[in-house]
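In the order they appear, the protein sequences are chains S and Z.
With my numbering, letter number 169 in the first sequence gets 174, and the count goes up by one each step, no holes.
With my numbering, letter number 78 in the second sequence gets 86, and the count goes up by one each step, no holes.
Fair warning: there could be bad hints in the mix.
Derived DSSO-like pairs (lysine-lysine); straight-line CA-CA distance at most 27 Å [to be verified]:
| no. | chain 1 | residue 1 | chain 2 | residue 2 |
| --- | --- | --- | --- | --- |
| 1 | S | 211 | Z | 250 |
| 2 | S | 11 | S | 139 |
| 3 | Z | 250 | S | 139 |
| 4 | S | 173 | S | 139 |
Here are the computed distance ranges between Cβ atoms for each label pair [as the list claims (entries may be wrong)]:
| no. | chain 1 | residue 1 | chain 2 | residue 2 | range |
| --- | --- | --- | --- | --- | --- |
| 5 | Z | 455 | S | 131 | 26 to 32 Å |
| 6 | S | 132 | Z | 63 | 52 to 58 Å |
| 7 | S | 181 | Z | 455 | 52 to 58 Å |
| 8 | Z | 226 | S | 132 | 40 to 46 Å |
Computed from the model, here is a short list of chain S residues facing chain Z with C-beta under 8 Å [stated by the list, open to error]:
| no. | residue |
| --- | --- |
| 9 | 54 |
| 10 | 57 |
| 11 | 74 |
| 12 | 97 |
| 13 | 104 |
| 14 | 105 |
| 15 | 154 |
| 16 | 219 |
| 17 | 245 |
| 18 | 248 |
| 19 | 250 |
| 20 | 252 |
Hints are computed from structural coordinates only; laboratory data are not their basis.
Using N, Cα and C, we set each Cβ at its ideal position, and we do this for glycine too.
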Amino acid sequence: MVVSVKRLEKRYGPTLALGGVSLEVEPGTLFGLLGQNGAGKTTLVKILLGLVAPTAGEAALLGRPVGTSSARREVGYLPEDHRLPEYHTSASLLDLYGALQGIPRRQRRRRAAELLDLLGLGGRERLRIRGYSKGMKQRLGLAQALLHAPTVLFLDEPTDGVDPVGRKEIRDLLLEERRRGVTVFVNSHLLGEVEQLCDRVAILRKGQIVVAGTVADLTAAKASWLVGFDRAPPAGLDTAGLRLEATDEPGILRLHVDGAAAEADASAALDRFLAAAGAAGLRLRHLRRERASLEERYLEIAGGGPAA
Amino acid sequence: MTPPAPRVPVHPSTPRAFAAMLRDTWREFLDARVLYLLLLAIVALFAVALTGRIEALPGGKQYLELAARAMAADLSGFDLANQPLTDVAGRLEGAVYQATGAEPEGADLPGSPWRLTLTRTFVPLVVPPAGDAEIAERFGRIADGELWRVTAIEETGSDWARRVGSQTWRLEVAPGRDLKMLWMHSFTLLGGTLPMTGERGAPLGLEVLILQKLLATGIGGTILLLVCVAVTAAFVPNMVRKGTLELLLVRPIQRWQLLVFKYIGALLLVAGLLGLLVGAVWAITWILAGIRSAGILLALPSLLVFFALLLAVSVLAGVITRSVTSALLVTVAYWAVLFIAGQLHNQVVESRIREESVGKPRPMRFADTLRGRAPEPQAAPRPGRTPLHRTTLGRVTAAVYAVLPHTEDLDNLVDRQLMRDYAVSGPFRALMESDDFSWQSGVGLSLLHTVAYLGLACAIFSRRDP
Chain S
6 MVVSVKRLEK RYGPTLALGG VSLEVEPGTL FGLLGQNGAG KTTLVKILLG LVAPTAGEAA
66 LLGRPVGTSS ARREVGYLPE DHRLPEYHTS ASLLDLYGAL QGIPRRQRRR RAAELLDLLG
126 LGGRERLRIR GYSKGMKQRL GLAQALLHAP TVLFLDEPTD GVDPVGRKEI RDLLLEERRR
186 GVTVFVNSHL LGEVEQLCDR VAILRKGQIV VAGTVADLTA AKASWLVGFD RAPPAGLDTA
246 GLRLEATDEP GILRLHVDGA AAEADASAAL DRFLAAAGAA GLRLRHLRRE RASLEERYLE
306 IAGGGPAA
Chain Z
9 MTPPAPRVPV HPSTPRAFAA MLRDTWREFL DARVLYLLLL AIVALFAVAL TGRIEALPGG
69 KQYLELAARA MAADLSGFDL ANQPLTDVAG RLEGAVYQAT GAEPEGADLP GSPWRLTLTR
129 TFVPLVVPPA GDAEIAERFG RIADGELWRV TAIEETGSDW ARRVGSQTWR LEVAPGRDLK
189 MLWMHSFTLL GGTLPMTGER GAPLGLEVLI LQKLLATGIG GTILLLVCVA VTAAFVPNMV
249 RKGTLELLLV RPIQRWQLLV FKYIGALLLV AGLLGLLVGA VWAITWILAG IRSAGILLAL
309 PSLLVFFALL LAVSVLAGVI TRSVTSALLV TVAYWAVLFI AGQLHNQVVE SRIREESVGK
369 PRPMRFADTL RGRAPEPQAA PRPGRTPLHR TTLGRVTAAV YAVLPHTEDL DNLVDRQLMR
429 DYAVSGPFRA LMESDDFSWQ SGVGLSLLHT VAYLGLACAI FSRRDP
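The shape of chain Z in the complex, shown without the other chains (with noise of 0.2 Å):
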């Protein structure tokens, strides 16, 4: 036996060790065999969204009726989400319009032209004539919505009619910026066999929101997330144990960037990770329901900072216990507590917003203006009953949360983009557009937390002998 001739070139650099630690560490992140039992299931997930049928019910003469009604008022400017329907008596401005004759160019789905006929009715002499420029500008314009554009206008109506309050225009209106988020669909699974929604099914954007919701931060990434937890909470565990760390620590290079190389690695495998599972959710979204709307892409920053104050956790707790299983139940904790925190706060803010808004009309809602229903007004809590944000529990919450990562108002901020992309109202949509909520405060105190743990799982690794 000949030994090889011993004339080997060393040279340690930072760049060629940071890239070896990563291979090793997607070697040992493929090398798990739940990963790809639960990634099935994530595919299984999508596989079943794919055979989802979102399809428009019949309903445009609603539509081109709601936006006749909705010129009473000036609602230029108005913020729906925030401004109670007092504020629209303000603006009436002594006109009523009717739609009638409405017809569409084809079928009545949302993509579809319309003609039809305007009837204003107003106070004479009081109230001045409308122009075209004016009824083509205001029609179909409810606030920051646009349900229809008028392509062309043309007043029919008398002279005599004009002088006694009433004006009639022929309009021919294309579908509107937001039209198709609101209009009512269909949403089935299972090639149609499985229905989702009602018989009177539910505005197209918010059967996206919840599918995005459902799909990206709601089960599929949580599940994506606990796998990725469960994988790399044995990464410094195993990094570390006897017999396996000498072998790393008796190479040219500081310990600290063993365990930073270690966290990057599985860092940028789960950013890519997150990637597909959003982009995928994007993809889905655009093949059911055509919209390539790009407010659902923040959900993967969002999920990212959150894994990677999971991640800092799970290395802290590997580095001082050595123990998989210490370092998986701590993280799991960690998030446990993190998510009750997150949602009791919640629950604070919208006590508080509550509370503000007794006796207001609740928000604007789209949807319930396309039901028939009128807003409630916010009811004043029960007598006797103290306000959550007042109680000892709402204090320390806000106390707590206040020093916790904000890793809640990550996942509201999504919600809040979402809600916007969609034209989605509802009760959380107050809650939603609150100020307690911003990516300032989300990501900032996420990513300070994150250096932290991170700094004191290097330090304590670098001292201790092993």
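Pulled out of the complex, with its shape left as it was, chain S reads as follows (with noise of 0.2 Å):
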């Protein structure tokens, strides 16, 4: 496992970030994590890079306890809103980051300016930072976090501030990496772009994971068929433990699984309900499998509804 969290607890004073969270993570994932502010997603980071001690819990990285110096040799991070020193040029910057982090002086200097070419910083590595736009410096916060080819990436919020094409380039060169076998953690709000990104992911709330799995099992709990017949069903058609939901059209239905069902158990019941339907003498026209958005299973369960 890349992370491997037990139990894991942090305090600080009387408010409690993090409450008993287990985590494992497999190598090559990409992985999402999400909550809302103050959930404790920065906490669990901060604890897996080594910056925070944890109160009580066991964390390790790449199979050694966390914060050695051993695992930050191939840890890379990005941190929200961070705040890169403004009498640097990205050059110096990343000459800066690399010494200390053990790159010899050619190849830090040949890393740096492959990835400030990749990145679209290219011919502006004499510039201070401080003349930057915020999405160049988040390209730049981007390069350092990759400078020394990490084997585990932790970014928080990797595309805020940058426009859509570099959003775009960003989510490529993730998944490119990931392709590379690098383990991709991911802090962010954009729901919508950890559902294109993320393999596997986790909610927190109030300091505890309320739901971890993969993006298809998370918005697979709550699924629903769109179904459209040649004319509007009978009443008392046998519906096989689905709610139906009328829409504007007459033959077209809604069939919802409520609840927690499990995937076998919705198909059967779909089997059943289109059997009754056929006796009934209503003819299928079309059916369509539909998903509920990470953003919809997101805001019933970070913001307190019913964990899937």
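Dock chain to chain to rebuild the complex, using the hints, since each chain is given by itself in its own frame.
If you want it as structure tokens, here you go:
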């Protein structure tokens, strides 16, 4: 496991920031950590990076205790609201971070030039950072996280302040990193982006993980079907436990699987309903599976609704 | 968009991290715009100093007469700074000397050789006649000072005159080691339009001492240190602010190393600037007065030890408060406390020296002697007035100063060296030569405090969550 966390707890005085979090992340995963402000996302990441000491519990990164020098060599980090020293140029800043990371001079200069070109900052190496736009600073922040080609990347709002084209480029870059086996840990409020990017997500609420799993699992848990018949179904038709919702078109219905019904049960219920409809003389015109968006699930879960 | 090949060798090393932090510190330092403005002020100060003219005033005869009069007593080994003139009485040998017919070879300047006639009048039978070698050895030497060197001597008086108590020599003398420092010079600024001395001028040594004090440890040094304190006060708060600190702490480097490397980087940079300042003062003294004494170079370690202390205070305040303004205010307040405590302590020491010297003549002063003033005996304190060192304020000052870094000692020790180099006496000589000040306590206590503040800053920084 790249990340292994067991019953992790962190208190800031009387405030409980993390209350017994357990989590495991496999290598090569693009993992999304979601939650409202103050849910404990940043605290969890800072503990994994060794920046903050946990009050209780265990945390390991790449099989080593967090905070060790060997673990830090393989970690790249982009904090939220980062403030790059403005007296630097992008070239001198990457040179500083590269040297602190332990990259020899020639290699860090070559790598910095490559990354600046890749992130669209080529040709501006000698410009002071105080003259950069927010998007440029964000790209430079990403460059410093990637500088030493880390095994694990922790990115807090990686596309914050970046224009749509830049966001797409960053998403592609992260997907490419994952393809190379890098584990990417993303904190983001842009749920559409997380849905596009991440393989697995966890939602934190008040310092506890309330749901974790693949994006597909999470969105499927609130599935529905859109069914079109040649006419409106007769009253008293067997719904096989599904909830029917009428639409503006008389022959079109939305079938909801409420609660935490298993995928197999839901499919069996649909089969029974379609058989009953056929027996009632209805002809199927179209059938489409609908999933809840990650945003809907997030609002339901992180906002205080029932956990799936 | 294709990511670059991810083959990046990573070998964390302390020297590499140290060099990187030095470069980072210097970049941050040079980024401060106020630095250039205030450095410009120092350059302007030096430019004004370079418009100065130091010119010798005619006056060789008075130094020859002084040398002759001083031979009345044996002043070899006499401590001019600490022994009162009453002690000279015990050294009188029953003869008086007079210089006449003095003529320079060339201009009446401190570098010219002179010819003169020296007459010795003594009590026959009681005091023996003097030989040429003795006169050549003693003429021009006053205690540890050397005004003249005798290069040729010939006794010209008759044997009859010698028998009745009068000897005469024809002397050729060259300027001694200290003559130039005691010679009266005029000092003007702005190409001679702004006189800085009176018509009679002042001893060159005194002028040079004041010039060097003003530029190195006075206005020039204070401005430079103030600029450096203002610029470096931002270093640690900028480094530990949220969003910046995390980017440093995720690197495979110890937290205390980040702080110490930043500290050393700033210190080395300021050492370079102070070196330039002191070097420039030394060069100006050479250009204006032709003096290449090394004493002023002591101002460099003195100022650097003081700045190292202030920087450690600034780092500690920066780590605790994370605020540039607070770090700056705390450091300047600390500086003010040290200054006030140091000045008060000087007063306490002087008060004690005065009490110990009541009724005794004050230490001999060359300058006073040349002006024709007699040293005044030390007056007793006015009735009903308690000497400072016996008051509560004096005792508290002594106690407080005992635990504070002795930075005022460092300034006094530089002054002591300059006074010795430039044969300057004056009212502060006794204080400066006091045993209360030493390099060991000045440097030792300052470094002890510096290490303590820095160590505390590192301990707090290493334990606190970002």
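How the hints compare with the structure:
no., hint, verdict
1, S:211 with Z:250, "holds (23 Å)"
2, S:11 with S:139, "violated (37 Å)"
3, Z:250 with S:139, "holds (17 Å)"
4, S:173 with S:139, "holds (17 Å)"
5, Z:455 with S:131: 26 to 32 Å, "violated (40 Å)"
6, S:132 with Z:63: 52 to 58 Å, "holds (54 Å)"
7, S:181 with Z:455: 52 to 58 Å, "holds (54 Å)"
8, Z:226 with S:132: 40 to 46 Å, "holds (41 Å)"
9, 54, "holds (5 Å)"
10, 57, "holds (5 Å)"
11, 74, "holds (4 Å)"
12, 97, "holds (6 Å)"
13, 104, "holds (3 Å)"
14, 105, "holds (4 Å)"
15, 154, "holds (4 Å)"
16, 219, "violated (25 Å)"
17, 245, "violated (49 Å)"
18, 248, "violated (45 Å)"
19, 250, "violated (43 Å)"
20, 252, "violated (42 Å)"
Of the hints listed earlier, those the structure fails to meet are numbers 2, 5, 16, 17, 18, 19, 20, in rising order.
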